[in-house]
Structure formats: C-alpha cells, structure tokens
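> Single-letter residue listing:
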Amino acid sequence: MGGPLIQKLFQRHKSFVHAVDGVSFTLKPGEIFGLVGESGCGKTTTGRAVLRLIDPTSGSVKFEGTNITKLKEERLRPLRTRMQIIFQDPHASLNPAMSIGSAIGHPLKIHGIAWREEDVKNRVLAMMREVGLTPEEQLYDKYPSDLSGGQKQRAVIARAMILVPQLIVADEPVAMLDMSIRAKVLELMLLLKRKFNLTYLFITHDLATAKFLCDRIAIMYLGRIVEIGPAKDIYKDPKHPYTQALLRAIPIPDPRKRGPKDLPKGEVPDAVHPPAGCRFHPRCPAVLSTCGWEGRDFIDYLEERRTSPEKAKADEANLGSLEIWKAEGLVAERPCEPNKVGKITEYVRSILNEAPVPLAQAVERVNNVETKVVLRFRTPDPLGPKEVEGRLVECLLY
Amino acid sequence: MHALDNISLDVASGESIGIVGETGSGKSTLGKAVLEILPPRTKAEGQVVFLGGELSHLDNEKIRHIRGEKIALIFQDPMTRLNPLMTIEDHFVEAITAHQRVSRREALARAKAALTSMRVSESRIRNYPHEFSGGMRQRIMIALALVLNPSLLVADEPTTSLDVIVEAQILEILEDLKRAYKMSLLLITHNLGIVAEVCDKVAVFYAGKIVEIGSVDDIFNRPIHPYTRLLLQSIIHLDTKELHSIEGVPPDLVSPPSGCRFHPRCPYAQAVCREKIPPLEEFRQGQRAACLFGKDFL
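Order-wise, the sequence lines are chains A and B.
The numbering used here puts the first residue of the first sequence at 9, with every later residue one more than the last.
The numbering used here puts the first residue of the second sequence at 36, with every later residue one more than the last.
Be aware that one or more of the hints could be misleading.
[What the hints assert, rightly or not] Here are the simulated EDC-like cross-link-like pairs (lysine to aspartate or glutamate), alpha carbons at most 20 Å apart as the crow flies:
1. A:LYS394 with A:GLU275
2. A:LYS321 with B:GLU157
3. A:LYS319 with B:GLU157
4. A:LYS244 with B:GLU277
The hints are simulated quantities; they were obtained by calculation from the structure and are not laboratory data.
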C-alpha cells in the first residue's frame, strides 16, 4: 500500500495491444503496394511504423538500405524529405488557420530547402498546378474552409509532394470523399507516380480500389498478414479463406448479381487477446480441427446455442448460466456440485455431437475433476507463411 | 436554405426503396421529414401520408405513438443512440411499454425473441451497450426498432460505420426480416452497391431534388438522367477497368444553380438547361427522370 491514489489507478492495468505482429514486406521502387484490411487489422499502425511516426517495440524498418528503426531524430529528419504521408481526413490534415499556400510551402521551410518567400511561392504555385489546384494564384491565399473536400485532398497531396519524395504512405486517401470525385484524386495519384517515379504504400479497406490501383497487396487480419502477393493473382484466385470472404462480402452494384454470400460469422475480435493459432479460426468457414481451438471458443459455442430457442431451453435446464464457465488457454471449465458433476459432463459431451465437426474434433477430452467439469482442446498445429502459387499464405489448408 | 425541394415519394407496403445521393443531397433530411423529427425552426411544407392517415395533421402525442411503433428508425452510429447507462433489457422494456400496455414479463419475452431473430444471444440481455461490438450493437438497434413490428423502417446509413463482412451480414438479416414481416424499408445511403443488393426501387437525389426514380433494374441497367449515369460509372468495383468521375463539385444549396441543378456539371447541358427547371417525367413505365433531354438517353 501507500503512494498517491492517482498513480495507483493508472498503474492497475498493464495490458498491451499488439496492433501488428510479425508483419514483413518489402516495397519495390516504383510500385504501388496495398495494405488491405478491415478496421483494427493494424494497417494504419504498419503504415506509421514504416515512417517511424510510431516506434515499433521490436523488428526493423529499412529505407533505401538504411535501418531507420533506431535512428535519432536529427539523422531521421533528412530522410523524412523522401518519405511522406497522406492521411484519410483532408479536413483534419490542414491547419484551419494556415493559408493553403503556406501549408503547402511549410515543408520547404521546415527542412531548410527554400527560404526566400518568392522562391517558396514559385515552387508552391508550380506544385499546385501539378496537382490541379487551380487557379493557383487565387487559391494560394485561401484557407482550408474555402475549399471543397476534393480540393483539400489535392492540397494535402501537394504538401506531401513539394519535397519530391520517393515514398508516399497514403492512408485511405479517398475514403472520406464523395464517389463522384474519388476517381479524380486517384487519377492524380497515378499521374504523379508516373511523372515523379513515386512508390506508394496504399492503405485501404476498399478491395475494389486496391484492385484497380495496386501492383502487389497484403491482406491483413488482426495484426497479421494472411496473404501477400501480386494483386492480379490474389483477386483472380484468393487463397486465404479470409481474403475469399472479404471479396464475397463486397456489395455489387448490379441487381442481377444478387444472392446469398456464405459469410463468415461474427466480427473481428478484440486485439488485446487475439485468438490462438490462426487468428481468423473462430470465424473461418474452412476451419480445421488443428487451427487453434481454445477454451473460450467452447464458451462462444455455448453462447451461440442460446440464439436457437430449443437449444437455449435445453442448455438452460442442463447447464444453467453461462457465466460460471471459465476459459484459460486450451481449457474451458465450470465448477459444479459433486452430485451433478457426472451428469453435466455427460451433457457437455452430448452437445459436442451437435457442434461443428472441426470444433468437436479439436476437443482432446471432457472429464470431471471432483467439483469441476473440464474440457480441453488439442494443441494446434504450428502456423507460418507458406508459398502458394506465387504468393505467401498463412493458412493450414496449404 | 432549401435542403429539399419538391420531393414526392410513394413506398408501397412490403416494398423497399433506396434513397441515394452524395453529401448534401438532402437524403437524410428526407428521412427526418418522414418521421417528423426535423430540427426546430425548420420549415416543411407538404404532407406525409402513412397507412391512409396524414401525419402532418396529427399533434405531437399522436405522432409519437406512430413513430417508434409503426415507423421505426435506425441510424448510422448505434453507440450514440443506445443509452450507455441502461442495459439492453431496459432499452427494450422502455421501448415496448412506451407504446403498448404489457407486463414487464411479456415485454422481456418479446425482447428475447427479437434479439434471437437478430442472432444475438438472449443470455446477454442484462449487458450494457459498451459490452458489445459495433456489429452487435447495430443488431441490437435493429432488434429494438423491430420489436413492435413496424410497418415502415427508415434506415439512415445503417451499415456505414461497419466493416464490409459485418455490413453484408446485417444486410442479409434486413432482407430476411423484410420478407418475414412484410415490412417496408426506406434505406438512405451513399453506397449504390448496397441499394443494388437490397432494394426494389431507387430514388437518386441531387442537390435537394429527385433526379431519377425507378426500379433497381431500370436505374442500374437503363439509367436515363446524366447524373445517374455518371454516378454509376464513378463507382469503383471489382470489374472497374477505367476511372470515371464527375467534373466539378455538388452545389451550395443556399444558392443552387438555376434551371436544372446539375447543369454546371453535366457534359450534355445546353443553354435551355440553365433556364428551365426540368419536371420529373415518366420516360419508361415506372421510371421517371428530371431531364429536359431524357428521351435522348433512352
């Protein structure tokens, strides 16, 4: 005891989210590399770690042969002129009190590349023409609030381009824009890439845009890359069940192509405690008994049964509340009175017969230990990226 | 500012209609007008006729009875609509007993059935909103909207904050429910893909006006209005080979363009488009468009 109360409150929990885990990829000069995934998959974290906007806890980032992971700020700064970022929200990326011209010219001053007002202004005006922010003389003194969403994003792109970088990390650059102007901004990005020989790390949740734009893509799920390879191969014949599910889920703007989609159940789980084995296994339509079943998957199964009225009734009568179940690693267990333990063990075994086959097969044993019913799963098979038809896939199916 | 101007829409019983448009097209204002929940000091003219009765003539008390019970509403962000201090059970009991005289026991039984139909485990009814994921919360919102068996569900961007897989799950459920309960659906969205998957009819909004309305099949496969055609072309989907966009930006509704509001961005615009306001005219059976040159696009 002792010590100030506030400090203790803040010290209580020390759980970390490993937003990204074991992610590895290389960007080739001049390519567009897509990092694709749903919210919380770690794509933004990865993009920021690449630029050292956040420091990775382990691993390394190399830029043009230099390991920049531990570089001090003063050594990193000159490299920053060659790597830039475009954020999703153009409204939040521009300082509302700074004119468009000075915002775009700011990096020139910060990095000491141009000082004389006239020189800065000329460079800014030239870049504004380059990104289609015209009439540039008129817009130079305007403020962000005077611009449309599309114009603001052009200003953000101009600011990133003013230093003529090698690498641009574009984090959902068109997600906030209306459909009718998205294409314009994407076209601009392609034009700039060709003209200045840029390399893009394109971060998006939108598989259709990634397909159109990217040379190679990495599909991320809950902090890991599940499939990585040439975009056209992955779209033509996705290998990982998660990639397949993502592609199936996209709404198709053609009423003639309606139909059931065979979707994975549930949602992306909490990244603080990611599932064991393959992180997609609890939702995977192609799951095997070796993919990483663990105690809490059994409790989830019990909960799912309660969405069916008949099963809910039977389970309620035989098992009572779900809240007394505890899961720890491969084990799920429930305390109970000694005279009931045998009956409950039997009931748990019987409902495993109704469970999905991979889950049932993954169970090593169900037994009773005096006042507890204990269910234990088998140890999952080791999982790592495997080469499948020109790409890397992290899935036990291959 | 005229957020909406001269809008007329029919939704038949059991029918689902998609309201699509870009930012500022007035699509959300329409949803609020239908429910008579426009912000104070908003001037609205016209009428909302629901199951034969005119809503705009009813006093607040009577409208409140219809809203929530006969016409239900779901929004984009479920977290802002669920009370963080109330359990799911309390939400249901409040919603049901506000409209119907039933015991708590009966209300609970209905709540559990509604949750189960949305594939939410009834064992979690005592949980608080923050204990659920985003998709679960949206399922709970829908269960809450549907527990009183409404005739019309107004859904304003119901899946926009969700991931693509969860979005597809929710849309499948909405479709099942629509079929099972013969409910009408007014689905407001900027996502044309969703409309193509779920709706029978579509109304395309531009700058506070309907520019085209018709069956999903006609609108997606035989669009007439240049805005509809260009908007459909601008969607980036898996078969996109070429990018298309619409020149210019949507207009400011404080001083909208004269004549056809789309004329400054329309590649086919002629001098007359600047002067004459195009009427919403039927060009094909059940398909109406507000374009002076509509017959040229048949």
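> Are the hints correct? Go through all of them and say.
Hints and how they fare:
1. Note on LYS394 (chain A) and GLU275 (chain A): the hinted pairing is violated, with a Cα-Cα distance of about 26 Å set against a maximum of 20 Å.
2. Restraint check for LYS321 (chain A) and GLU157 (chain B): satisfied, since their Cα atoms lie roughly 11 Å apart, inside the 20 Å limit.
3. Pair hint LYS319 (chain A) plus GLU157 (chain B) holds up; C-alpha atoms about 12 Å apart against a cutoff of 20 Å.
4. Our distance criterion of 20 Å between C-alpha atoms is met by LYS244 (chain A) and GLU277 (chain B), whose separation comes to about 18 Å.
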